[in-house]
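Asker: As given, the protein sequences belong to chains A and B, one line each in that order.
Just so we're aligned, residue 1 is where the first sequence starts under the numbering used here, counting upward by one.
Just so we're aligned, residue 1 is where the second sequence starts under the numbering used here, counting upward by one.
Hints are supplied without guarantee of correctness; some may be wrong.
Pair by pair, the computed Cβ-Cβ distance ranges are [claimed, not checked]:
(1) A:Pro43 x B:Val322: 46 to 54 Å
(2) B:Leu61 x A:Ala111: 14 to 22 Å
(3) A:Arg189 x B:Ala76: 39 to 47 Å
(4) B:Gly191 x A:Arg62: 31 to 39 Å
(5) B:Phe95 x A:Asp217: 36 to 44 Å
(6) A:Arg189 x B:Trp303: 23 to 31 Å
(7) A:Ser49 x B:Gly240: 56 to 64 Å
(8) B:Ala57 x A:Thr215: 44 to 52 Å
(9) B:Ala57 x A:Leu26: 42 to 50 Å
(10) A:Thr215 x B:Gly196: 37 to 45 Å
Simulated from the structure, these hints should not be mistaken for lab results.
As the structure is a computational prediction, the values presented were derived from the model and not from experiment.
Glycine residues also receive a C-beta, built at the ideal position from the N, C-alpha and C atoms.
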Amino acid sequence: MNRRLATTLLHGALLVGAALTAFPLLWMVSASLMPTGEASTFPPPLLPSAPTVEHYLALFARADMGRYLLNSALVATAVTLVSLFINSLAGYAFAKLRFRGRERLFKALLAALVIPAQVAMLPLFLEMRALGLVNSYAGVIVPAAASIFGIFLIRQFALSIPDSLLEAARIDGATEFEIYWRVALPLLRPVLVTLALFTFMGSWNDFMWPLIVLTDDDLYTLPVALATLTRERVQDNEFMMAGAVVTTLPVLVVFLALQRQYVRGIMLGGVKG
Amino acid sequence: MSTVTHTDEDLATTLGPPAAPVSAPRRTDPGRTDPGRGWRPSLPESAASRAALFFIAPSLLVIGAFFFLPVAAALALSLTDFDLYALADPGTARFVGLKNYVELAGDPDFWQALRNTAYFVVVGGPLSVAVSLGAALLVSSKLTRWKGLWRTVFFAPVVTTLVAVAVVWRYLYNAEYGLLNSALGAVGIEGVDWLGDPAWAMPAIIGLAVWKNFGYNMIIFVAGLAGVPEELYEAAELDGAGWWARFRHITVPELAPTFLFVGVITMIGYFQLFAEPYVMTEGGPLRATVSVVYLMYEEGFKWWNLGYASAVAFVLFALMMVGTLIQLRLQRSDP
């Protein structure tokens with residue numbers, strides 16, 4: 001085939017694919033700016049006749065969206081900070097400290113990756129109830145405070161830290177924790193950023209567990225609040241679209257700003273161990 | 001630590017194609033000391049073990065208490081009749097053996113959920129992988145310009161919040177004023193009541209799922225494609241192999257490990273279908289979109305039949321294991 005024609009066809013296909021992919025997101029924004037009822041007219045308009053932010057105002061004034069936004073930010077930030085610390089401790093130890101049973105323990109953890117989280121959810125709920133953590137931020141945060149995937153990611157990266165550096169610090173009299181904190185952590189920074197991004201987005205987007213453990217709507221995270229809102233206000237499309245924008249936009253912006261690190265996480269995690 | 005600049009290079013070598021194991025030791029690393037050659041660590045093994053225990057204890061505690069323990073408890077729970085009364089007074093729950101599993105086998109609702117999930121996995125999974133591969137091929141072509149831009153657009157749905165985009169898609173699928181039907185109408189195709197027709201609800205959910213997920217696998221395929229040696233294509237081109245022949249005889253076999261990885265993670269993800277039906281259809285119409293996880297949620301947290309729901313969860317787990325083993329086996333028997 002002619003090279004020029006091939007290039008044109010290729011870019012045509014890419015353009016169509018990109019348009020189809022982006023359309024639902026662009027349209028979500030467009031519909032959220034339409035006056036009430038306009039999105040349900042026929043034929044459906046692509047752009048608002050008179051753009052308005054009334055639905056966003058209503059979301060924050062009447063539907064308590066500010067509260068949910070804050071809840072989501074709080075939960076996702078706490079999960080990220082806590083799990084980053086705990087996972088990096090373990091990942092570093094699995095990579096750099098020799099101890100008996102290390103390989104076997106690590107393999108057992110990896111094998112457990114195939115167990116779907118849902119299997120644990122019913123007893124986990126009972127456990128949370130016994131601990132008095134149902135309907136609390138802690139109920140969402142604590143089970144996510146460590147993850148096998150996170151430990152795996154840190155370990156893969158920590159393997160490349162030269163032992164000589166750690167030895168030098170040991171000879172200088174540093175404690176093992178100091179070595180982790182002052183020597184290893186700075187070297188692990190790229191993977192920490194990657195894991196932080198993964199964890200933050202995962203927690204922000206998480207739906208099923210918060211839906212189960214949070215019963216009081218004061219504590220709802222955005223996805224749970226949005227799902228509840230949808231069931232109550234089926235007809236109010238423009239309003240729901242504004243809610244969808246508020247829920248999705250923060251992670252999209254974070255992703256666009258830091259996509260290199262995010263993609264790196266897929267690659268690091270996407271390699272069989 | 002400004003003197004240490006090796007991490008970025010390490011990452012670059014680490015980020016090779018998925019086929020290469022990341023953990024391969026770097027033999028060229030001058031800092032790596034071989035313990036077998038008279039080198040002795042300044043840290044005695046007992047001290048290392050103590051430190052390591054202190055380092056891994058928090059994560060093991062969390063994972064043990066909030067994952068391993070519940071999984072084990074789920075198995076035990078599935079052998080009891082734990083229900084709403086037991087929730088108030090756990091003493092009333094009784095051991096019933098395999099009764100829940102036997103009941104499941106005779107429960108048409110469960111079979112329906114199983115069929116729906118199988119439909120979603122068997123149709124949606126391969127479709128998703130195919131679209132991912134197609135996008136990766138387009139993005140990776142030598143002739144493609146602005147690769148980063150296309151990649152970003154294709155990837156964007158992956159990071160969106162599922163509940164939010166499910167709300168958007170429910171609207172796109174609306175029978176009266178949805179954009180999908182109006183677009184179909186514009187080209188002379190009669191629209192469908194996507195989410196209201198039992199025959200179309202699951203295909204509609206598959207549409208959303210493929211749109212949402214294909215970017216993730218695309219990234220993995222792009223990395224896999226980057227690892228295929230260029231000489232293979234050049235040699236084939238010299239031999240007069242066309243585009244299709246090169247794809248079939250070079251790309252596909254070279255990507256085999258990537259296919260396995262992508263196939264397994266996609267299948268595992270698709271088995272866990274829940275939020276889409278929860279938001280878009282509430283399992284309807286006529287329970288056509290009740291998935292196994294949705295059924296587990298309903299039985300467990302709506303009707304509080306925790307024993308029965310645990311049995312559902314374990315059947316799901318077993319099915320996923322079987323599915324994974326089948327894929328591993330298929331891969332091995334491939335030439």
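Asker: Each hint needs a verdict: does it hold in this structure or not?
Answerer: Hints versus structure:
1. A:Pro43 x B:Val322: 46 to 54 Å: holds (47 Å)
2. B:Leu61 x A:Ala111: 14 to 22 Å: holds (19 Å)
3. A:Arg189 x B:Ala76: 39 to 47 Å: holds (43 Å)
4. B:Gly191 x A:Arg62: 31 to 39 Å: 34 Å Cβ-Cβ, so the 31 to 39 Å window holds.
5. B:Phe95 x A:Asp217: 36 to 44 Å: Holds - the Cβ-Cβ distance for Phe95 of chain B and Asp217 of chain A, about 37 Å, lies within 36 to 44 Å.
6. A:Arg189 x B:Trp303: 23 to 31 Å: Once the Cβ atoms are compared, 48 Å apart, the range 23 to 31 Å for Trp303 of chain B and Arg189 of chain A is violated.
7. A:Ser49 x B:Gly240: 56 to 64 Å: holds (58 Å)
8. B:Ala57 x A:Thr215: 44 to 52 Å: violated (32 Å)
9. B:Ala57 x A:Leu26: 42 to 50 Å: holds (48 Å)
10. A:Thr215 x B:Gly196: 37 to 45 Å: violated (31 Å)
Violation of the numbered hints given earlier is confined to hints 6, 8 and 10; the remaining hints are satisfied by the structure.
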